[in-house]
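J.: Residues per chain, in single letters:
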Amino acid sequence: MALSFMEGNEALARGAIAAGCNFFAGYPITPATTIFNSMLNMLPPKGGICIQGEDEIASMGYCIGASMAGKKVLTATSGPGISLYSEQLSFAIGSEIPLVIADVQRLGPSTGSATRGADSDIQFLRWGSTSGVPVIVLAPKDALDCYVLAVHAFNYAEEFRCPVFIASNKEIGMTRESFDLDSVTLPPIVERNLFSGDSYLPFEAEPDAAPPFLPIGGKTLVRQTSSTHGPDGYITIDPEVIAENQARLREKIHSARKRITLFEEDIKENSDTLIISYGVTARAVEDAGKTLESKGKPVSTLTLKTLWPVPEELLIEKAKPFKRILVIEMNLGQYVNEIKRVLCDKKVTFYGQMNGVLITPAKIMEVIENE
Amino acid sequence: MNSYLNKTRPPVYCPGCTHEKITKGLDKAILKLNLPADKTVIVTDIGCSGLFDTFFNVHALHGIHGRALTYASGLKLANPELNVIVTMGDGGLGIGGAHVLASCRKNLDLTLIILNNFNFGMTGGQYSATTPTDAMVGSGFLNHAEIPLDICAIAQSAGATYIDRCSGHDESLPGKIAAAIEHKGFSIIETLGMCTGRYTKKNQLTPKLLDQMITDLPARDGIIEKNQRPEYGERYRALAKEKNTFPEAVTIEKQIDLKDYQQQEVVILGSAGMRIVTAGDIVCYAGLCAGMNVSMKNDYNITVLRGQSVSEILISPEKIGYPGIESPSVVLALSDEGVQRRKKIFATLKPDTFVLKERTVTIPETNANVVEIDFRKFKIKKQDWALASLGVMAKKEKAINKKMLKYALKSRFTEKVYLIAMETIEKMT
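Residue numbers (the working numbering), protein chains in the order written: chain A, 1 to 371; chain B, 372 to 800.
These aren't lab readings, by the way, just hints derived from the structure by calculation. Bear in mind that the values here come from a model prediction, so they are computed numbers and not experimental data. We put the CB at the ideal spot given by N, CA and C, even for glycine. Hints may contain errors.
Chain A stretches covered by chain B per the calculated footprint, using a threshold of three residues with CB under 8 Å from any CB of chain B [stated by the list, open to error]:
no. : stretch
1   : 63–69
2   : 219–230
3   : 348–361
The shape of chain A in the complex, shown without the other chains (with noise of 0.2 Å):
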């Protein structure tokens, strides 16, 4: 058996390039930079593109422009970065423009601390657009999901034609660690369903569904706009025409939550207690199941990789069993409150941290056993 090491945002490129991208277009930000160092080697050895943007709201622009001909494009930054994305997200999510948003998260708020991490946007990645459409965000533990995950989100981002965040961290992406990548069974790529009837309307598809894609830059005439738009790619103000819209980008996503829910569990019998966590944290709750249940205490465990939108049959179905529900995050809860929102009627504890540093597993047990 032969390892490979690498750090999460080596990973998370090498992740894209499995997926297909071909165009990276970003700015470098601590500690999302060597996402950028790694696609400009890879990507134009394999005849990709990969551009250092002028500023982040250039790059995403780039993106834009690059998908809208037809490329899987992929950017990456951090949380300042996000905030400067924005507007430019909200065009995206609102046209149905693919990406896939590498988001290697660092301690905030604002610029905060370049090197320490923290799952400081959890949030943010959801409502920070205009209007609440939903996005996806999912969320790695370590290198061998930023390598996976970035192959989902590139599936996701060409189905559903939305912007898919992958929500790493700096003690992800900057972490080096090894692990087994020819053993890695990815999911099959999934490409952008292309047009094929006679007269082509951009936005014309099924009321769950993201339109049929032609490019700008092909034989058939594409029009893409930022502005309220009809089925015909022209403003609207036609209230039956946008409600129907509106309805489709939030349904288009609802409607597959079941499918694009991804998950790890450690389900123990005899434990009372679930533990809910997601990203570098699960790995710290994951180890301290394992030491709880050698003491002969165990407690059974859930990780999250898909945040949002938010698995909800998932979370009831999971924690159905279970007296306690005890949610780690490092953060001061970000994403506590969805699971109380969902699991209404439980017991539902919440630890969180926001220091810069890793929650370590001792920490995770005290607060099990002391609560």
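Given the structure of chain A, go ahead and fit chain B onto it with the hints provided.
T.: Quick look at chain B alone, frame taken from chain A:
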């Protein structure tokens, strides 16, 4: 074909607005060049100039204020066959100034038509980056305290290869636009126009006065000789073509069988410039050579060549969960600033923890087994102390052994560097 204009969506401008002239001028220019509609895209942003994409039967992308050039660049890079035409008002010019500068510097083959009518028409005639200081606009007195910018002068200093300027009422406009589109590289054509809905209500402006403004401004006539250079896309593709080796993942074959290996936690405390991260890497490679799982977290400031550099490594026969250090088995204390960064761990170290302390480094009180080394006595330079420490670890069989270290160095370095590294290692073993 005698027009690219969309008959079902005719221009909807205020009577007398120059934008209508420019719409027709652009149509004539595209006709003159006989551009294939399916290989042509009009990219626009917000404001009255942002309506242009709806008037033409070509591909269209209408986006956010000031960002049109960013979409245009993405489209052109992705599909070099496209004729990419961008329209932008003086509003978008102000908001997206960084993108105009970048486009001038890059010289990607795009055509930017700036529709300068000296104010924000749609929102009520507020002042823009090009509003004359003494004009009466919707921003009260604010523009009286500023000066307008000359985008052509700025573009020239930013490296634009083609700059033209004319009145939107100029009969030569179609020809000028066609010439700008034909230029291989980034071309800017600034048109001056009348916003009859807002600006000309309080400011006198006529086609004749626009001509006078053009005469008074420095003459612009297309090609900027001193800025001529290859088009960005071609240059990019030529440079990218040379990068033809795909970097495969670092993969280390298991070469050594270790019996009864327990999880090891190694902490290297040093400073920038001491090759701490490289030493951490080598420890990981040593673990990988023995088929172990490894992880490495580094802690250094974003400033380079100054401050602490700390590497934390786990080597384990099991899959690694929590990637932090909980109970170190080896601590290499190689600089005071590195030790300061992790000073709290020393009190927690167990008696069997191996601490290697460089002679001049001060460490807090600890129960660990501390060995002091004077690397200077071995004639080892500071940048090699971390590497030399690995030699000590291997000799004492702490976390790694000599065989692992040798394989690691061989995997990590070229033959030449390997031999030099081994010289340092051998001094210690």
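J.: Run every hint past the structure and note whether it holds.
T.: Hints versus structure:
1. Residue count for the stretch 63–69 of chain A with a Cβ under 8 Å from a Cβ of chain B: 7. That meets the three needed, and the coverage hint holds.
2. Coverage of a stretch by a chain is defined here by at least three residues with a beta carbon nearer than 8 Å to that chain's beta carbons; for the stretch 219–230 of chain A and chain B the count is 9, and the condition holds.
3. Only when three residues or more bring their CB closer than 8 Å to a CB of chain B does the claim for the stretch 348–361 of chain A stand; here the count is 4, and the claim holds.
Every hint from the earlier list agrees with this structure, and none is contradicted.
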